[in-house]
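Q: Taking the hints into account, I'd like the entire structure generated from these sequences.
For the sequence shown, position 77 matches number 431 in my numbering, and the numbering has no gaps at all.
Keep in mind that the hints are not guaranteed to be accurate.
Per label pair, the in silico range of CB-to-CB distance [stated by the list, open to error]: (1) Ala371 to Gly397: 22 to 28 Å; (2) Gly384 to Val424: 31 to 37 Å; (3) Ser432 to Gly393: 50 to 56 Å; (4) Gly417 to Asp381: 18 to 24 Å; (5) Ala391 to Ala430: 48 to 54 Å.
Note that these hints are calculated values from the structure, not bench results. Glycine is no exception: its CB is placed at the ideal position from the N, C-alpha and C atoms.
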Amino acid sequence: MALTKPNQQLRRDLKEAAATLKWAGVDLFGVAKRMLAAGDEQGANDLMKIAFSFQEAEDKLAGYADEVKVGRIVRAKSE
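A: Here it is, written out as structure tokens:
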């Protein structure tokens, strides 16, 4: 079954948001490594926790995008 244009857009938006979270997490890991090298272990650990939460959210969004693709999640017409 082909996706409707609204569902295609929803899937694209979910995938884009997931990719943005992924790169933000990668950037945070880089900053955390520099903080750790500078001796700020607590700050580095805090940033790593945030980066891990981004990764979890990224995985959820990617899963939702897959559900849109197979038709389990659909965008309803606005009234």
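Q: Each hint: holds or not?
A: Outcome of the hint check:
1. Ala371 to Gly397: 22 to 28 Å: holds (27 Å)
2. Gly384 to Val424: 31 to 37 Å: holds (35 Å)
3. Ser432 to Gly393: 50 to 56 Å: holds (53 Å)
4. Gly417 to Asp381: 18 to 24 Å: holds (23 Å)
5. Ala391 to Ala430: 48 to 54 Å: At 50 Å between Cβs, range holds.
When the structure is compared with the earlier hints, no violation turns up for any of them.
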